[in-house]
Amino acid sequence: MQKLSLKDFEHSISPSTWETADNLVQAGSVKNLREIEKHFWVALVETDEGDYESEVMITPHKIKAYACECFGEGRRLMCAHIAATLIRLRQFLAQREEAKQLKAE
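Position 75 (the sequence shown) corresponds to 97 in the working numbering; numbering is contiguous.
Simulated from the structure, these hints should not be mistaken for laboratory data.
Any given hint could be a false lead.
As the list claims (entries may be wrong) - Label-pair ranges, simulated between beta-carbon atoms:
1) E41 <-> L124: 26 to 36 Å
2) G94 <-> D70: 16 to 26 Å
3) E127 <-> F93: 41 to 51 Å
4) E127 <-> S27: 23 to 33 Å
As the list claims (entries may be wrong) - With a straight-line Cα cutoff of 20 Å, these simulated EDC-like cross-link-like pairs (lysine to aspartate or glutamate) come out:
5) K84 <-> E57
6) K29 <-> E41
7) K53 <-> D70
8) K60 <-> E77
9) K60 <-> E41
10) K122 <-> E75
11) K29 <-> E120
12) K60 <-> E75
13) K86 <-> E59
14) K84 <-> E119
15) K29 <-> D44
16) K29 <-> E77
Bear in mind that the values here come from a model prediction, so they are computed numbers and not experimental data.
Beta carbons are placed, not taken as given, at the ideal position from N, Cα and C, and that holds for glycine.
Build the full structure now, drawing on both the sequences and the hints.
This is the structure:
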């Protein structure tokens, strides 16, 4: 897996995957985003085809690994469910950082 940055991973995925992922996020389809262990995040992505659990492992700024229930054996490319989870995670972390800065003022 190539090294991807959480802040701009969209430049490394196909435009159609990005568009689908963005639509999923806009529709509120990424549910129950939670940090299971430090830097290990899980979310449920609801789609018309079914619901998929996606998992991502990050460092503070790099995407280390990902997996999705939609993955077939040997799949290596990022699916829209993973991309949607990463978009939502990026939003969540930005909101958390903003709240922390406001609290510090």
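- Message: Check the hint pairing K29 with E120 against an upper bound of 20 Å on the C-alpha distance.
- Response: Holds, at about 15 Å.
- Query: Is K84 within 20 Å of E119, Cα to Cα?
  - Reply: 17 Å, holds
- Query: Do the alpha carbons of K29 and E41 lie within 20 Å of each other, as the hint requires?
  - Reply: 17 Å, holds
- Query: Within 20 Å, alpha carbon to alpha carbon, are K29 and D44?
  - Reply: 15 Å, holds
- Message: Taking the Cβ atom of E41 and the Cβ atom of L124, is their distance within the range 26 to 36 Å?
- Response: 33 Å, holds
- Message: K60 and E41 were given as a pair; does the straight-line alpha-carbon distance stay at or below 20 Å?
- Response: 29 Å, violated
- Item | Consistency of beta-carbon spacing, S27 to E127, with hint 23 to 33 Å | 28 Å, holds
- Starting from K29, check that the Cα of E77 is at most 20 Å away, please. Holds: K29 and E77 sit about 18 Å apart, inside 20 Å.
- Hinted pair K122 and E75, Cα distance within 20 Å: 29 Å, violated
- Message: Can you tell me whether the CB distance of E127 to F93 sits inside 41 to 51 Å?
- Response: Holds, at about 43 Å.
- 20 Å Cα cutoff - pair K60, E77: 13 Å, holds
- Does E59 lie within 20 Å of K86 when you go C-alpha to C-alpha? 14 Å, holds
In terms of the numbered hints stated before, the structure departs from hints 9, 10, listed from lowest to highest.
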